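Assemble the complex: chain U is given as a structure, and chain B must be docked to it using the hints.
2 protein chains.
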Amino acid sequence: LNTNPVAMPFVGIWPALLTPLKADLSIDHRRFCAHVLRLVEAGCGGVTPFGTTGEGPSFTVDERRAAVDALVAAGVPAERILVSTSAAALPDVEALTRHALATGAHGCLMLPPFYLKGVPDEGVIDAYRYLIDRIADERLRLYLYHIPQVAAVGLSHHVIATLKRLYPHTIVGIKDSQCDRAHSVALADAFMRDVRVYVGFEPDLPELARRGSTGAVSGLANFMPRVVHALVAEHASAATAARVARVRDLLARLEPYALIPALKGIMALLDDDTGWLRVRPPLVALEPGALAELRQSIGVVGIDRAQD
Amino acid sequence: LNTNPVAMPFVGIWPALLTPLKADLSIDHRRFCAHVLRLVEAGCGGVTPFGTTGEGPSFTVDERRAAVDALVAAGVPAERILVSTSAAALPDVEALTRHALATGAHGCLMLPPFYLKGVPDEGVIDAYRYLIDRIADERLRLYLYHIPQVAAVGLSHHVIATLKRLYPHTIVGIKDSQCDRAHSVALADAFMRDVRVYVGFEPDLPELARRGSTGAVSGLANFMPRVVHALVAEHASAATAARVARVRDLLARLEPYALIPALKGIMALLDDDTGWLRVRPPLVALEPGALAELRQSIGVVGIDRAQD
Chain U
2 LNTNPVAMPF VGIWPALLTP LKADLSIDHR RFCAHVLRLV EAGCGGVTPF
52 GTTGEGPSFT VDERRAAVDA LVAAGVPAER ILVSTSAAAL PDVEALTRHA
102 LATGAHGCLM LPPFYLKGVP DEGVIDAYRY LIDRIADERL RLYLYHIPQV
152 AAVGLSHHVI ATLKRLYPHT IVGIKDSQCD RAHSVALADA FMRDVRVYVG
202 FEPDLPELAR RGSTGAVSGL ANFMPRVVHA LVAEHASAAT AARVARVRDL
252 LARLEPYALI PALKGIMALL DDDTGWLRVR PPLVALEPGA LAELRQSIGV
302 VGIDRAQD
Chain B
2 LNTNPVAMPF VGIWPALLTP LKADLSIDHR RFCAHVLRLV EAGCGGVTPF
52 GTTGEGPSFT VDERRAAVDA LVAAGVPAER ILVSTSAAAL PDVEALTRHA
102 LATGAHGCLM LPPFYLKGVP DEGVIDAYRY LIDRIADERL RLYLYHIPQV
152 AAVGLSHHVI ATLKRLYPHT IVGIKDSQCD RAHSVALADA FMRDVRVYVG
202 FEPDLPELAR RGSTGAVSGL ANFMPRVVHA LVAEHASAAT AARVARVRDL
252 LARLEPYALI PALKGIMALL DDDTGWLRVR PPLVALEPGA LAELRQSIGV
302 VGIDRAQD
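Chain order of the listed sequences is U and B.
Quick note: the first sequence uses my numbering, first residue 2, plus one each step.
Quick note: the second sequence uses my numbering, first residue 2, plus one each step.
The hints are simulated quantities; they were obtained by calculation from the structure and are not laboratory data.
Derived DSBU-like pairs (lysine-lysine); straight-line CA-CA distance at most 35 Å:
(1) U:118 x B:23
(2) B:118 x B:23
(3) U:118 x B:165
(4) U:118 x U:165
(5) U:23 x B:118
(6) U:165 x B:118
(7) U:23 x B:165
(8) B:118 x B:165
(9) B:118 x U:118
(10) U:165 x B:23
(11) U:118 x U:23
Derived coverage of chain U by chain B (criterion: at least 3 residues anywhere in the stretch with Cβ under 8 Å from a Cβ of chain B; other residues may be distant):
(12) 143 to 153
(13) 276 to 289
No experiment lies behind these values; they were computed from the predicted model shown.
Every residue gets a Cβ at the ideal spot worked out from N, C-alpha and C, and that includes glycine.
Chain U on its own, in the form it takes in the complex (with noise of 0.2 Å):
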C-alpha cells in the first residue's frame, strides 16, 4: 500500500547482534566487525545493532556510533544495518538516529524513553513526534520497538495507530519482543496491511510469516542465521522447528537476566574465545559450571554453525 520506495520495511534475517567487549568492557570492533561479516556472509539480510540482546543502552552515543563506522570501515553495507537508537534522553535518540541516516543504514529501532514508568500513550506519541519532527527527514524509516518486560514501558495499539497515521511514510514496521503469540498475532491482525510486524521469539516465527512478517530481528539467529530463515521462509521442517523450540527451551530455563550471558556463552564455545564472554554490568558474565553446563546443553542439542 505504501508506494514510496523508501519507506519499503526489510526482508530476512536481521540477527539481534551480540555485543562482545574487550578486557575493559569497551566494544571489540574486531571480534565485532568478524561476527557481522559472517553473518552477512551467511545469508542474513542485514544485522541489528544495539538492541536489547546486544546491551544497546549499557553503551553510549559515541561508543554506538563508532561500532557503527567501523562495521562500515569493514565492509558491511550501509543499508544492510538497522541501528536500534533507542536512550532514555531523547536528544541522545536523535543523535544516534542522525548518525544512522547519515551513514545511509537501513532505518533505526526506537523504543521509547525507558526510565519513567507508567507514563500515559499521550507521553510515548509525544516522544516519537520529537525524534521525527526533530529529525525531519523523508529518507527515515522507523521501526517501533515493543518489549514491555524489559523497557516496562510498551507501545499500546493507539500509540501504533496515531503515529503511523501522523507519519505514513516514516513508520514502517514494529519489532514485537514480547515474547507472547497472542500479543504478535493481535498486532498482526490490526496493522500488517499498513505497518510490517515482525517477532523476535523464533518459535512464533511460522504462525507471523503466515500473516505476512517478511523476516525477524533474531537473537539465536547469532549462531543459527539459516535455520531461523527456514523458520520465516516457510520452508522449515518439523524437525527443525523443534530444533529451534529446544534451543529456546534450553535458555528458558535460565534466570531471564542469564539470557544474554548464555548466548554469549553459546558464542564463546563455537568461536573457542572466551573473550566473546565478556557483559558490561549490570549483568553478569557465565561462571565456568554454568560454562561447561551450557557445553554439554548445546551438543546435545546439535547447534552447528556451518550448517545452521
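Okay, now just chain B, sitting in the frame of chain U:
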C-alpha cells in the same frame, strides 16, 4: 565513625530540583539558576539536580554538565550541589561523576543501571565497582539511590553492605525513595551507624530524623523548603506535619506519571509563569483544566512560598 572529613554526608534540605525547560524543551538555565539561588537563600543546605523529580535521565550528559556549570557560574557554591549522575550506560555515569568532581560538587547520587530488569545483586555491585574503580578518586562521595518503583532495579541490603565494606570512605549515604516507611526504618536500623540514610517521602522525615537522618532530598522542598526542614529538625508542630501530609495526599490522588507535571504546575502557579509547566516526553504537561484544579487545591492547602 568515619573520621575522613571528606566523607561527611550532607545535613539539611537539598531539594530534588525540578528542571525548568524552554519552549524547545532544552533546559532553561535562567529559570534554573534563579530557582536554585532562591532555595539556597531560603536556607537549603544545598540542591540536588537531575534526580527522578528533575527528569534527570531525560537529559544528555552534555545537557546535565552544562546546567551544573550554569549553576556554579550563577554563584551557587559547588559544594552545595549533589549531582544525580544516573544513566543507563556506565561510561555516561562516569563522565557525569568526573565532571561533578572537577566542579567541586558535594557528591554524587547514583542509580544502578536501569534498562535491564531482574538483574542479580552481583551485577548491581559490579556496576558500582566499575564506576568507583575507574574514577579512583578519594574525594568521591557517593550516595546510593533506591527508587525501585521507577528504576525497577533496587538496592538490597546485601548490595549496600557489600559496597560499604568495599568502599568505606566513598559510600556515605543512601537515598531511599521507595516511599515505604517500614523499608526506610529497616534501612536505618541496618545501616545508619555507617551510612547516612535519607528518605524522599516527607511524611517519613520525623521518624527517620529520630533514627539519625540529618536531611532530605525532597520534591516538596522546591516550594516549601522551610516546612520540610522543620520535619527533619524535629521542631515541626503537629500543624506543620499535617500540612505536609495534606500536600502529599493531594499529590497522591494523581496518577503517578502526573506527579512531576503537578510539582511543576505548583511552581507555575507560585511564580505566575506557565513556562514551568513544560516537561520532556514521555511526561505530559498539565492541561489548563488540571492546572485550574491544582490552583484551587493549593489554595485550600495554603502553600505560601514566603513562609514555607
